[in-house]
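Based on the provided sequences and hints, a complete structural model is requested.
So the protein lines, in turn, are chains A and B. Letter by letter, the first sequence follows residues 1 to 89 of my numbering. Letter by letter, the second sequence follows residues 1 to 229 of my numbering.
Just so you know, not all the hints are guaranteed correct.
Unchecked claim - According to the in silico footprint, chain A covers these stretches of chain B (three or more CB under 8 angstroms from chain A):
1) 11–17
2) 63–76
3) 87–93
4) 145–153
5) 177–185
Stated by the list, open to error - Every beta carbon over 10 angstroms from chain B, so not counted as near; a handful from chain A, in silico:
6) 81
7) 82
8) 84
It should be emphasised that the hints constitute simulated quantities derived from the structure, not laboratory data. Ideal Cβ placement from N, Cα and C applies to all residues, glycine included.
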Amino acid sequence: MCHVSVGHVARAVEEAGVATVGVFVAAFRFVARDMSLPRTLITSHPFGRPLGPANRPERHAAVFEAALALVEAAQSGPALIEMPGGFGG
Amino acid sequence: MAESFEEFKNSFSYGSRGDLSFKFLKKLDPEMAGEAISQILGAIGASFDTGSVAELHELVIAWQVRAYDPGEGAVPAYAYDTAPWAPPAKPLSECRVGLLTSSGHFAAGDDPMPFGEPDMTQPEAVARIGDFMRESPVLSAIPRDISRDDLRVRHGGYDIRSAVVDHNVVFPRDALVAAAKSGRIGSVADTLYSFPGATSQGRLRRRALPDWVDTIRAADIDVLILVPV
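Below, the structure is given as structure tokens:
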């Protein structure tokens, strides 16, 4: 239900005029789709580790950069893209 | 009486085995759960010889996806036809960026004390997941420059083992700060936010969100990074 909660946060904040981007794990892609969230990056990571494995700052930075790039590139929503690479990067 | 296979697979979801990384087994019917466990054991066996657990990890992730797939024709609990849209009005290199996660992080000395209970442990939070799902969420304000040692995490709905080792897997403060240092973004908000996302949707939307939105706007945040778990 966490992903639905964040989906509602995304919609409310964006409706108030602030751009949002969510980083979702693949298992909850359907939540971003059903809730028509403005911008969502999907990572092929397991529950509880949406940015990647612990102590892998290069993977965290790559996911974070992909989320920023989505904010720059998306011209309309819902915009949903897949993060390249698996859990190991 | 011997435990049935159905009882076994369901026990990972808030049951006697309670491993939230594998709570997805409860969502699979017995035949599919048996196939999942068989494949996972096969991958463990293969890893003895390959020395790599990458295939095993990918397999578990694939079964998590399969278990939660609502399937065609399923009626979503929450569905919306259009997306709200408010692109940033300036380049990212000039934007103030914030972070809000549902990971259940909070600062030491500022425990949100669910249900008024001080020092609630992770196992206690897991045991009270039903109560969390009925209550209003509390948003914790976390100083951007908080030390790793002063960051706490507690959440009854997911396996926090990785978040305990490295908050960045769900609360990517370090990547956010690095992006500002490199000039990729303009600045980082002084305060970051987190809440336990397992909560009442009605109370979240009607009671909590209006104040949360005011807080975000008052902080002059141009872009908000959201991380659910």
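Here is what the structure says about each hint:
1. 11–17: Since three or more residues must qualify, the claim that chain A covers the region 11–17 of chain B is violated, with 0 doing so at under 8 angstroms.
2. 63–76: Our answer is that it holds, as 7 residues pass the Cβ test (under 8 angstroms) against chain A, meeting three.
3. 87–93: Holds, because 3 residues of the region 87–93 of chain B bring their Cβ atoms closer than 8 angstroms to Cβ atoms of chain A.
4. 145–153: violated (count 0)
5. 177–185: holds (count 4)
6. 81: holds (14 angstroms)
7. 82: holds (12 angstroms)
8. 84: Residue 84 of chain A clear of chain B: closest Cβ-Cβ about 14 angstroms, beyond 10 angstroms.
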